[in-house]
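Chemist: Each chain is listed here by its residues.
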Amino acid sequence: MTAEQVLTRDFELEGLRHIETYLSRGGYRAAVKALKEMTPQAVLEEMKKANLRGRGGAGFPAGLKWSFVPAQTDKPKYLCVNADEGEPGTFKDRFLMSHNPHLLLEGMIIASYCVGIQKAYIYIRGEYEAVAQRLEQAVAEAAAKGFLGSNVAGTGFCLDVRVHRGAGAYICGEETALLESLEGKRGHPRLKPPFPASVGLFHCPTVINNVETICNIPFIILRGAEAFTGLGRPRDGGTRIFGVSGPVERPGCYELPVGTPLREIIFHHAGGMKDGKRLKAVIPGGMSAPVLGEDEIDIPMDCESLAAAGSMLGSGAIIVIDQATPMLKVLAKVAKFYAHESCGQCTPCRIGTSWILKIVRRLASGQGRKGDVEEIRRLASGIKGLTLCPLGDAAALPILALVTKFRSELET
Amino acid sequence: MSPEISDKVKRQVEDILSRYPRPQAALLPVLHCLQKERGFISPAEEQWVAERLRIKQIRVREVVTFYTMFLQRPVGRYHLQVCTNLSCALEGGDDLQAYLENRLGIRTGETTADGRFTLSQVECLGACDEAPCLMVNLDYHTRLDRDKVDRLLRELD
Numbered sequence: 000m001t002a003e004q005v006l007t008r009d010f011e012l013e014g015l016r017h018i019e020t021y022l023s024r025g026g027y028r029a030a031v032k033a034l035k036e037m038t039p040q041a042v043l044e045e046m047k048k049a050n051l052r053g054r055g056g057a058g059f060p061a062g063l064k065w066s067f068v069p070a071q072t073d074k075p076k077y078l079c080v081n082a083d084e085g086e087p088g089t090f091k092d093r094f095l096m097s098h099n100p101h102l103l104l105e106g107m108i109i110a111s112y113c114v115g116i117q118k119a120y121i122y123i124r125g126e127y128e129a130v131a132q133r134l135e136q137a138v139a140e141a142a143a144k145g146f147l148g149s150n151v152a153g154t155g156f157c158l159d160v161r162v163h164r165g166a167g168a169y170i171c172g173e174e175t176a177l178l179e180s181l182e183g184k185r186g187h188p189r190l191k192p193p194f195p196a197s198v199g200l201f202h203c204p205t206v207i208n209n210v211e212t213i214c215n216i217p218f219i220i221l222r223g224a225e226a227f228t229g230l231g232r233p234r235d236g237g238t239r240i241f242g243v244s245g246p247v248e249r250p251g252c253y254e255l256p257v258g259t260p261l262r263e264i265i266f267h268h269a270g271g272m273k274d275g276k277r278l279k280a281v282i283p284g285g286m287s288a289p290v291l292g293e294d295e296i297d298i299p300m301d302c303e304s305l306a307a308a309g310s311m312l313g314s315g316a317i318i319v320i321d322q323a324t325p326m327l328k329v330l331a332k333v334a335k336f337y338a339h340e341s342c343g344q345c346t347p348c349r350i351g352t353s354w355i356l357k358i359v360r361r362l363a364s365g366q367g368r369k370g371d372v373e374e375i376r377r378l379a380s381g382i383k384g385l386t387l388c389p390l391g392d393a394a395a396l397p398i399l400a401l402v403t404k405f406r407s408e409l410e411t
Numbered sequence: 000m001s002p003e004i005s006d007k008v009k010r011q012v013e014d015i016l017s018r019y020p021r022p023q024a025a026l027l028p029v030l031h032c033l034q035k036e037r038g039f040i041s042p043a044e045e046q047w048v049a050e051r052l053r054i055k056q057i058r059v060r061e062v063v064t065f066y067t068m069f070l071q072r073p074v075g076r077y078h079l080q081v082c083t084n085l086s087c088a089l090e091g092g093d094d095l096q097a098y099l100e101n102r103l104g105i106r107t108g109e110t111t112a113d114g115r116f117t118l119s120q121v122e123c124l125g126a127c128d129e130a131p132c133l134m135v136n137l138d139y140h141t142r143l144d145r146d147k148v149d150r151l152l153r154e155l156d
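Chain order of the listed sequences is A and B.
Mapping to numbering that gives the first Met the number 0: the first sequence position 169 is 168, numbers consecutive.
Mapping to numbering that gives the first Met the number 0: the second sequence position 27 is 26, numbers consecutive.
Hints may be right or wrong, so weigh each one.
[As the list claims (entries may be wrong)] Derived DSSO-like pairs: lysine-lysine, alpha-carbon spacing no greater than 27 Å straight-line:
| id | chain 1 | residue 1 | chain 2 | residue 2 |
| --- | --- | --- | --- | --- |
| 1 | A | LYS184 | A | LYS279 |
| 2 | A | LYS48 | A | LYS35 |
| 3 | A | LYS184 | B | LYS147 |
| 4 | A | LYS328 | B | LYS7 |
| 5 | B | LYS9 | A | LYS184 |
Derived by calculation from the structure, the hints in this document are not laboratory data.
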């Protein structure tokens with residue numbers, strides 16, 4: 000059975016990325032409905048009812064986030080779409096933007112109308128240059144058809160969209176680092192509060208949402224919050240794009256209802272392990288999600304279930320690890336990544352990640368000392384909860400899970 | 000010393016600047032634009048950008064040194080950037096890196112003597128379902144094995 004598609008409908012159509020095809024498949028109807036038949040307040044109410052949880056990693060409800068933006072302000076407001084997809088294992092936003100850039104633009108129009116925004120940026124990671132070009136083309140097409148610019152769909156609503164490429168820095172996926180980067184600076188996260196909803200881009204109220212989050216909006220407006228919550232879980236509705244990688248038969252993106260069991264995604268949708276390999280462990284939500292052992296994969300893929308299991312749904316990126324892969328290798332990859340990507344601002348993260356990497360390298364070269372694994376655990380505990388931005392936890396939590404769950408393997 | 004910036008790039012820079020409410024916000028796109036033409040960002044380019052954006056040169060230096068895609072030294076005509084992050088490593092990313100070092104006769108971070116290839120190791124490129132992968136300059140090449148790498152290197156020759 001295939002579930003209803005919120006995000007990937009018509010993806011098999013070659014021309015979907017062009018506005019003619021998108022329009023012929025009902026595209027921009029949700030935007031027109033919102034702008035012509037709904038007040039911004041009504042859009043917000045629908046979004047809050049849908050309880051659309053952020054698809055970037057944190058899972059914060061989008062409607063609630065929008066409601067924090069002050070209604071009365073003499074400053075301009077901004078929308079920043081987070082397309083800085085850098086969480087290892089994650090490739091869903093590239094998939095969405097490559098196939099259907101207009102779905103993103105349509106969601107942006109609705110979000111901007113709701114919050115009273117006239118200027119939006121899509122911050123896309125620098126490596127996705129080809130995707131950025133596709134977005135630029137979609138922006139030009141939408142403007143030519145009157146869906147962007149100074150008179151959107153003939154309603155007098157104005158929206159200008161700019162595609163902005165990053166330049167290679169994982170930290171810029173963190174929302175305040177993204178803002179700093181967009182202002183032309185190093186991606187150093189800001190202290191919160193103030194939150195971007197009140198003090199964001201250029202010190203103005205700003206909404207920041209992930210690509211996949213925004214792409215859900217047209218469905219919610221067209222079909223209603225109930226149709227959305229009817230898919231997935233009651234407080235965590237809709238579908239997710241689960242990106243499966245590692246040694247499985249069919250790695251790729253699968254749009255499935257929130258709450259689909261992890262085992263089903265791996266063994267049914269992704270075709271199970273390839274070449275007779277056996278599953279050993281799974282990282283369920285991008286590299287910063289704590290690893291699950293093979294006995295832990297009978298779990299519904301929703302935010303709360305994974306949190307209860309001590310992990311997180313994160314970006315929905317599922318990395319499957321096979322029995323032949325030593326967990327020391329996994330630990331080494333995790334340690335190296337965060338040591339490289341720590342922005343250097345907070346001491347526990349800057350020093351902690353590189354110190355852990357040093358010990359992991361010692362272990363990998365066969366020069367490990369007694370107590371090294373415990374030392375890694377101690378260092379990771381000293382990062383957890385003690386940094387300005389979530390990168391500290393993103394590094395500490397998966398490392399703690401690895402050294403806890405696979406301690407005996409790592410110590411041999 | 001002022002670098003020779005082409006009129007084409009100067010026009011592009013003007014166009015970029017017109018799209019941002021503050022000149023400094025245009026810094027990343029301006030640097031991308033310059034690097035595309037000149038291959039890397041030298042101190043002379045940093046100074047030119049700083050003057051054009053009316054910011055201190057140190058503000059440009061901070062950014063150039065923070066982001067991995069901005070190059071401070073020339074690289075070969077083909078910049079091979081291999082992902083060895085977890086999803087690629089599970090599918091042979093590390094072997095791919097070793098094979099490329101072997102084939103090109105250089106270590107990661109080096110450039111071949113003829114100036115054709117530079118080999119770099121990078122973090123996740125977001126193509127994990129098509130692992131292992133690498134970028135040649137800005138083009139993705141995916142599901143690589145030794146045969147495909149051999150073919151790719153021949154084509155780039």
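Chemist: If a hint holds in the structure, say so; if it doesn't, say that too.
Modeler: Results for each hint:
Under the criterion of a C-alpha separation no larger than 27 Å, the hint pairing LYS184 (chain A) with LYS279 (chain A) is inconsistent with the structure, at around 42 Å. Of the supplied pair hints, the one linking LYS48 (chain A) and LYS35 (chain A) holds, its CA atoms being roughly 20 Å apart against a limit of 27 Å. Between LYS184 (chain A) and LYS147 (chain B), the direct Cα distance comes to roughly 39 Å. Violation of the 27 Å bound is thereby established for this hinted pair. Between the alpha carbons of LYS328 (chain A) and LYS7 (chain B) the distance comes to roughly 48 Å, so the proposed pair goes past 27 Å and is violated.
A threshold of 27 Å between alpha carbons decides the hint, and for LYS9 (chain B) with LYS184 (chain A) the separation of about 22 Å falls inside it, so the pair holds.
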